[in-house]
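**Q** Here's the letter readout for the chains.
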Amino acid sequence: MNKAKLSLGPVLFNWKPETLRDFYFRMADEADLDTVHVGEVVCSKRTPFLEPFIPEIIERLTAAGKDVVLSSLALIMTDRELNAARELAGAADILVEANDISVAALMAGRPFVAGPLLNIYNEGTLATLEAMGAMRVCLPAELSADAIASLTAAAKVEIEVQAFGRLPLAISARCYAARARNLTKDGCQYVCADDPDGMAVETLDEVPFLAVNGTQTMSYHHMDLLGDVTNLAARGVGRFRLWPQTFDMAGVARLFRAVLDRKMAAPEAEAALARLCPGAEFANGYIHGRPGHLFVEPEFIE
Amino acid sequence: MGQGHASAATKTVTPPFSPMLLLGVALRPVRPQLLQPVFDHMLAIIRRRHPDILERMADYADKPVCIDPTDLPFVILLDPNPEDPRLTVRREIDPAEVAATIHGPLEMLIALAEGKVDGDALFFSRRLVIEGDTEVVVALRNAIDGAGIDLIEDISLQLGPLGRPFRGLAGAAIGLIGRMRDDFEMLRTSLIAPAVKDVNAQSARISALEGEVKQLRKAARRGGAA
Amino acid sequence: MMAATTPAALTRPELVCPAGTPAALKSAVDAGADCVYVGFRDETNARNFPGLNFSRKELGEGIAYAHSRGAKVLVAINTFPRAGQPQLWHQAVDDAARLKADAAILADIGLIDYAARTHPELRLHLSVQAAASNPDAIRFYAERFGIKRVVLPRVLTVQEIAAINARIAPVETEVFVFGGLCVMAEGRCALSSYATGQSPNMNGVCSPAGEVRYTETPQGITSELGGFTINKFTPNEPAGYPTLCKGRFIADDKASYLFEEPTSLNTLTILPDLIKAGVTAFKIEGRQRGRAYVAAVVQAFRQGIDAVMAGRPLPEIDLDRITEGGKQTTGAYEKAWR
Numbered sequence: 001m002n003k004a005k006l007s008l009g010p011v012l013f014n015w016k017p018e019t020l021r022d023f024y025f026r027m028a029d030e031a032d033l034d035t036v037h038v039g040e041v042v043c044s045k046r047t048p049f050l051e052p053f054i055p056e057i058i059e060r061l062t063a064a065g066k067d068v069v070l071s072s073l074a075l076i077m078t079d080r081e082l083n084a085a086r087e088l089a090g091a092a093d094i095l096v097e098a099n100d101i102s103v104a105a106l107m108a109g110r111p112f113v114a115g116p117l118l119n120i121y122n123e124g125t126l127a128t129l130e131a132m133g134a135m136r137v138c139l140p141a142e143l144s145a146d147a148i149a150s151l152t153a154a155a156k157v158e159i160e161v162q163a164f165g166r167l168p169l170a171i172s173a174r175c176y177a178a179r180a181r182n183l184t185k186d187g188c189q190y191v192c193a194d195d196p197d198g199m200a201v202e203t204l205d206e207v208p209f210l211a212v213n214g215t216q217t218m219s220y221h222h223m224d225l226l227g228d229v230t231n232l233a234a235r236g237v238g239r240f241r242l243w244p245q246t247f248d249m250a251g252v253a254r255l256f257r258a259v260l261d262r263k264m265a266a267p268e269a270e271a272a273l274a275r276l277c278p279g280a281e282f283a284n285g286y287i288h289g290r291p292g293h294l295f296v297e298p299e300f301i302e
Numbered sequence: 001m002g003q004g005h006a007s008a009a010t011k012t013v014t015p016p017f018s019p020m021l022l023l024g025v026a027l028r029p030v031r032p033q034l035l036q037p038v039f040d041h042m043l044a045i046i047r048r049r050h051p052d053i054l055e056r057m058a059d060y061a062d063k064p065v066c067i068d069p070t071d072l073p074f075v076i077l078l079d080p081n082p083e084d085p086r087l088t089v090r091r092e093i094d095p096a097e098v099a100a101t102i103h104g105p106l107e108m109l110i111a112l113a114e115g116k117v118d119g120d121a122l123f124f125s126r127r128l129v130i131e132g133d134t135e136v137v138v139a140l141r142n143a144i145d146g147a148g149i150d151l152i153e154d155i156s157l158q159l160g161p162l163g164r165p166f167r168g169l170a171g172a173a174i175g176l177i178g179r180m181r182d183d184f185e186m187l188r189t190s191l192i193a194p195a196v197k198d199v200n201a202q203s204a205r206i207s208a209l210e211g212e213v214k215q216l217r218k219a220a221r222r223g224g225a226a
Numbered sequence: 001m002m003a004a005t006t007p008a009a010l011t012r013p014e015l016v017c018p019a020g021t022p023a024a025l026k027s028a029v030d031a032g033a034d035c036v037y038v039g040f041r042d043e044t045n046a047r048n049f050p051g052l053n054f055s056r057k058e059l060g061e062g063i064a065y066a067h068s069r070g071a072k073v074l075v076a077i078n079t080f081p082r083a084g085q086p087q088l089w090h091q092a093v094d095d096a097a098r099l100k101a102d103a104a105i106l107a108d109i110g111l112i113d114y115a116a117r118t119h120p121e122l123r124l125h126l127s128v129q130a131a132a133s134n135p136d137a138i139r140f141y142a143e144r145f146g147i148k149r150v151v152l153p154r155v156l157t158v159q160e161i162a163a164i165n166a167r168i169a170p171v172e173t174e175v176f177v178f179g180g181l182c183v184m185a186e187g188r189c190a191l192s193s194y195a196t197g198q199s200p201n202m203n204g205v206c207s208p209a210g211e212v213r214y215t216e217t218p219q220g221i222t223s224e225l226g227g228f229t230i231n232k233f234t235p236n237e238p239a240g241y242p243t244l245c246k247g248r249f250i251a252d253d254k255a256s257y258l259f260e261e262p263t264s265l266n267t268l269t270i271l272p273d274l275i276k277a278g279v280t281a282f283k284i285e286g287r288q289r290g291r292a293y294v295a296a297v298v299q300a301f302r303q304g305i306d307a308v309m310a311g312r313p314l315p316e317i318d319l320d321r322i323t324e325g326g327k328q329t330t331g332a333y334e335k336a337w338r
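Chains as they are written, first to last, in the numbering used here: chain A, 1 to 302; chain B, 1 to 226; chain C, 1 to 338.
Just so you know, the hints here were simulated from the structure itself, not pulled from any lab data.
List of simulated lysine-lysine pairs, DSBU-like, C-alpha gap at most 35 Å: (1) C:Lys335 with C:Lys148; (2) C:Lys254 with A:Lys16; (3) A:Lys45 with C:Lys254; (4) A:Lys263 with A:Lys156; (5) A:Lys16 with C:Lys335; (6) A:Lys45 with A:Lys66; (7) A:Lys45 with A:Lys16; (8) C:Lys276 with C:Lys335; (9) C:Lys327 with B:Lys116; (10) C:Lys148 with C:Lys57; (11) A:Lys45 with C:Lys276; (12) A:Lys3 with A:Lys156; (13) C:Lys276 with C:Lys72; (14) B:Lys116 with C:Lys72; (15) A:Lys45 with C:Lys335; (16) C:Lys327 with C:Lys276; (17) C:Lys72 with C:Lys100; (18) C:Lys148 with C:Lys100; (19) A:Lys5 with A:Lys66; (20) C:Lys254 with C:Lys335; (21) A:Lys3 with A:Lys66; (22) C:Lys148 with A:Lys156; (23) A:Lys5 with A:Lys16; (24) C:Lys148 with A:Lys45; (25) C:Lys57 with C:Lys72; (26) C:Lys148 with C:Lys276; (27) A:Lys66 with A:Lys16; (28) C:Lys327 with A:Lys45; (29) C:Lys57 with C:Lys100; (30) C:Lys335 with C:Lys72; (31) C:Lys57 with B:Lys116; (32) C:Lys100 with B:Lys116.
This one's a predicted model, so the numbers in the text were calculated from it and none came from an experiment.
Based on the sequences and whatever the hints tell you, model everything.
**A** Structure below.
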């Protein structure tokens, strides 16, 4: 029996607040998850719409026995954003995930989660964050299984790895959802809400490549580590993160749990995942030290 | 990385109309072998005065590069193996023999080698065309740029007491070529301007049509969804 | 627009110039650079390009040349050490200290910690790759590790930079004034490795040359990176290097430069605003660009800064020839860019 835990990452997209609330209620009631992240990571312009719903979301999740983590913004530039980060860091009784180093600095001395959008590539940085109070570290998407294993061997705290969903690859001050529609970020009309799974970006040869989520650029392919999680767990990874998409996330969580518990073989789970995510293309290249968009067949894994 | 993408693309790089082109026409009957001693000499100078070029190319020892001055009737094959570097002049080269090819007017290639123009800028303006393994070309450009080569200075140093007059002569020749180039540029522009204008008008028409087609396609999709 | 404060004494900013080779270092110093920044010839720096950068011997000679002419040399060791193999990065920091570099420019928290503990005498600058974009982040590096200067990410407006400067003194700021423009927050972008397996953070390269391929077709040139088409050019169109975020892509049914056009940052026209914002140092991007570029850009900015400091109007300098695609932008320094 594997002890690896499952986390649901924060919803990175601009979903309608009611949709978001219903989604979290469903996760609370139906999904086999240890931890659920809540909070706006990508764009501070979205926060005011989301905020009124957060207390009831947290309440419902907590009542359902899920641990709740509040995730911070990834790129903090303005005073308003910094003040929001300070407020977040001051929140009592709730664990905070730092996705900008300033939030980790604000949390220093108290337990916090070091998020996947911090640059934690090696043991030295890991040790510094542990010393600051990080009680869990979610690693950047780029790392290979070997790099991950090197870090789990050195870690005093739990190591988390991103395992499902479109990968957050870059963050910018510029909004590409707005730019694609000839708008600027200031007058964006919240067009990012038109694409609840991100706006597909293709090459000029119409090959799917990336996805745009406002100021964030993501992978077009969905990360899928179903074939890799048991190996990674054996190499010391204590937790896997599933990024919310509009698919049946309770179903996705069920598949990961089943594979980790060795109740389902990876190929069978892969087939089930493809059915749960119609139209999705999958990738796991980073874990195998390859370009991130590639999918390395599980049978080739040692 | 750097798994030499030997390109099979056909080479159709039109040389710009220039004084070098005339020189090229003049050189056409010359057998490349007759020019080989010049390049042997040049390589000897490089090995003596700029050993760091080959040192910077050490990772690319087995990646020969073809340098193709588009206005001259021959190409130069650079084999950067530090044990046995070679600079060979040939009438032509099979792309399969080399890791990469750089096409460009000789004047540009010399200016590039001397660090007098910015390689990226040359490429942005499309006056240089690279085929094959871009990495080895970037390495070569950086290695040469880093050496601080001054071809005229180097050759005149080799010439000993004859160096000073050579330097003067070469300087004058380059000035002359530059002036001739400007004149030719004017001539060339006036010759092809009408054709360019026509092409521009044509491409404007095409993009207008493309726009219309896209709009129609979009409207059709929206209509279907409604 | 900047508030029209006219402080009696503006501080003269340092001009920090790139050098990918010893020849470029000499060009930069001779053209009037106050500082030159360089990297070792390996993956410890974010311009780990083929044939570029300095051996230990070349760095020693370069530092001697710069110092003899009153210029400083900064060594960029600004990639993120590989898990389990920090030796190459530690050695780079040790050598920068041993060769008496005027500062090391670092990005990784663990490496900064190593440098601060092992070489307390070595001046530390925070690389743009650390993406410290607010006063709290900057204070973290200053208070914890004694960072003296931070290179600000290219995501901030001039007003935001002025506000940061007012709150982080005595920590100095350095901003980019010219060159290739990252449109993403630097050090927080994995697009390159998604396409090619190699990234700025891990390998010191973005859109690596070894993964680039140009194909000539009757319609023009197609540029590819890691097998993905990044752009297509008609025969008369200026072509560019296929840097991923400067490519043309299809989104929302239309092809466009979705992230950024092939363009160069050029702040000559807003130099007075940047100086008034209290920036300590102006940085020129382009260690990979060669001597001709270095000399031209350094001269232009030397003249620009000297004119502003002397109260003269800005000189008109045309840098079109050396900008990507011949296009220029003031980038994120003006809010409309976002």
